[in-house]
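Visitor: Protein chains in written order, with our numbering: chain A, 10 to 147; chain B, 83 to 238.
Worth flagging that the hints you see were computed from the coordinates, not collected in a lab.
All values reported here derive from a predicted model rather than from experimental measurement.
Some clues are possibly wrong.
Said to hold, decoys possible - No farther apart than 25 Å at their CA atoms in a straight line, the calculated lysine to aspartate or glutamate pairs in the DMTMM-like style are these:
1. A/Lys116 with B/Asp236
2. A/Lys116 with B/Asp147
3. B/Lys126 with B/Asp218
4. B/Lys126 with A/Asp15
5. A/Lys116 with B/Glu133
6. B/Lys126 with A/Glu63
7. A/Lys116 with B/Asp187
8. A/Lys116 with A/Glu63
9. B/Lys126 with A/Glu27
10. B/Lys126 with B/Asp187
11. A/Lys116 with B/Asp132
12. B/Lys108 with A/Glu145
13. B/Lys108 with B/Asp194
14. A/Lys116 with A/Glu49
15. B/Lys126 with A/Asp28
16. B/Lys126 with A/Asp19
17. A/Lys116 with A/Asp79
18. A/Lys116 with B/Glu167
19. A/Lys116 with B/Asp194
20. B/Lys108 with B/Glu167
21. A/Lys116 with A/Glu145
22. B/Lys126 with B/Asp147
23. A/Lys116 with B/Asp218
The primary structure of each chain is shown beneath.
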Amino acid sequence: MAVHYDAAYDDHWPYPTEDNLAESYDTHVGEQTLLFGTVETLDEGADTVHVRVEHSGGSFTMTVENMDADVSEGGVVQVLATLRPGQELQADAVAVVNPAGSSNLYKYAVSLLGALLVLVLFFRHWRINIERLSIEAR
Amino acid sequence: MADLLTHVLVPYVLLTAASWRYPRIKSRWIVIGMAGAAIPDLVKIDVVLDEDVVASLLGVPFSYDPISSVGGLLLIAGAIAVFFEQRCRAYAYLVFGGLTALVLDGLRVFVDGQANFWLYPIWWRPPTPSLYVTSDVRVLLLAVLLCLAVFLLDRF
Chain A
10 MAVHYDAAYD
20 DHWPYPTEDN
30 LAESYDTHVG
40 EQTLLFGTVE
50 TLDEGADTVH
60 VRVEHSGGSF
70 TMTVENMDAD
80 VSEGGVVQVL
90 ATLRPGQELQ
100 ADAVAVVNPA
110 GSSNLYKYAV
120 SLLGALLVLV
130 LFFRHWRINI
140 ERLSIEAR
Chain B
83 MADLLTHVLV
93 PYVLLTAASW
103 RYPRIKSRWI
113 VIGMAGAAIP
123 DLVKIDVVLD
133 EDVVASLLGV
143 PFSYDPISSV
153 GGLLLIAGAI
163 AVFFEQRCRA
173 YAYLVFGGLT
183 ALVLDGLRVF
193 VDGQANFWLY
203 PIWWRPPTPS
213 LYVTSDVRVL
223 LLAVLLCLAV
233 FLLDRF
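For reference, chain B alone in the conformation it holds in the complex (with noise of 0.2 Å):
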């Protein structure tokens, strides 16, 4: 996956553009669409508890892999939505950030061309461009550079 710093930079670009258009998007809100670019984020659970653990713990198959992926977003923005008052609203922001996560977690490198599981459970390996891998500088750069280019144009 591209790094967090990146993944919720991308929805804080892309909100704060839409709500120059649509004022109906508060910022507070925009925040929220960037914590929802962080849920798939959460697999990183497993440096703290092993999936392997759990695993032998419940004595059946376990991963944490579907948290980045569609199904498990779906399923934890709802998990987090509960606690707003306007559910309906918090849950589209935590979706659309989660899904701009996913999105650029699709386009990474896979030798093979096929993209990992982040469509589970539609679609288990759909075809991915190679665009970049983790560690690669420019999209962290490219994020900031966007994210400050919008920042400025909102102020001003």
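Same shape as in the complex, but just chain A (with noise of 0.2 Å):
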């Protein structure tokens, strides 16, 4: 299942992925694309941000042109747009998925929380027989 999936990946999503991009830019120009970038400097002015796009074998920097969404440094978005010369992109559509750098951590933090919380209930419920190797009622 993991190896079909990566293998048919590309030919289910629609647009060109990150490891398309940094391969052969120049070829995608024009062409409409979806992309997650953590953002490196806002210049709130001219509705520009620089993005950093991770892919399999690093990272690139694309300029998001139009980009009017209330995010700060570090924070990371989702940007579907329309591919520019020069690693630049027009948004068509923005939606923050993290508005700073910070919110990362509360999610780990809290997801940390809800593991502790299902292990505790699980082991008040229930033991691991080594011997047996089972999963037992208490």
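With the hints as a guide, bring the two chains together.
Guide: What follows is the structure in structure tokens.
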């Protein structure tokens, strides 16, 4: 499943992927894409931001024009945009995934709490029998 | 995805409320439903062992993403359920919990209105109502409030 998924991914994702853009940006100019990027610098007066986009071999930077969203440096945005020459994106729609870099910390802290809650409840009601390799009710 | 705490609270709320009508739903099984809701989040194993590293070691395309999809859930829940005496029951609760987490994730914001691949391998990109982003505290607050209400109603 893990192999099939990755092999078939490009056929089902309707946009050029991050890897496609890293390999051959110029062939995709004019196409629409959906990217996730981390905000590096903001130019609020000009509605422009620079975002870092990760791909499997590293990352590249894109300039997003027409960026109408409330986000700080370090935040993560989702951009539906048209690819322009020179690593530029003309944004059609933007959503803020993380308003700031600290949002990730929030997510991990709260998720850790969730994991602990499940573990505590699990071991209150169940025990693991190593000899029989089974999970039994307490 | 929504945070893990929200994920595990949702099946708690649903199953506890259902147990008022169906007493067969015991609290130890509700816990298994909650554990099931954590299965799609195992995709975060990527933080420990990068999928690109696995792909280059195996020499084939490789992605953890199916863990956070219906296909991956059915498989992993099965692998866990074999350790229980009541396998079918454990499987049902694990899958139920996992499905609530996947459905919740399927409601997340995607600017083009199509969700990610949570219904893989049945449907690659179903539509999403784009209700929330994961860092939205209101989602967790709502889950915690519902959880408290159900917890109190259950006790008294």
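Visitor: A separate judgement is required for each hint: does it hold in the structure or not?
Guide: A quick look at each hint next to the structure:
1. A/Lys116 with B/Asp236: violated, 29 Å
2. A/Lys116 with B/Asp147: holds, 19 Å
3. B/Lys126 with B/Asp218: holds, 19 Å
4. B/Lys126 with A/Asp15: holds, 16 Å
5. A/Lys116 with B/Glu133: holds, 21 Å
6. B/Lys126 with A/Glu63: holds, 17 Å
7. A/Lys116 with B/Asp187: Holds - the C-alpha atoms of B/Asp187 and A/Lys116 are around 14 Å apart, at most 25 Å.
8. A/Lys116 with A/Glu63: holds, 20 Å
9. B/Lys126 with A/Glu27: holds, 20 Å
10. B/Lys126 with B/Asp187: Holds, because 14 Å separates the two Cα atoms, which is no more than 25 Å.
11. A/Lys116 with B/Asp132: holds, 20 Å
12. B/Lys108 with A/Glu145: holds, 14 Å
13. B/Lys108 with B/Asp194: violated, 42 Å
14. A/Lys116 with A/Glu49: Holds, at about 20 Å.
15. B/Lys126 with A/Asp28: holds, 21 Å
16. B/Lys126 with A/Asp19: Since the Cα atoms of B/Lys126 and A/Asp19 sit roughly 22 Å apart, the hinted pair holds (cutoff 25 Å).
17. A/Lys116 with A/Asp79: Holds: A/Lys116 and A/Asp79 sit about 19 Å apart, inside 25 Å.
18. A/Lys116 with B/Glu167: Roughly 35 Å between the alpha carbons, so the hint for A/Lys116 and B/Glu167 is violated.
19. A/Lys116 with B/Asp194: Holds. A/Lys116 to B/Asp194 sits at ~24 Å (cutoff 25 Å).
20. B/Lys108 with B/Glu167: holds, 16 Å
21. A/Lys116 with A/Glu145: violated, 32 Å
22. B/Lys126 with B/Asp147: holds, 9 Å
23. A/Lys116 with B/Asp218: Between A/Lys116 and B/Asp218 the Cα gap is close to 10 Å, so the pair holds against 25 Å.
Of the numbered hints stated above, those contradicted by the structure are hints 1, 13, 18 and 21, listed in ascending order.
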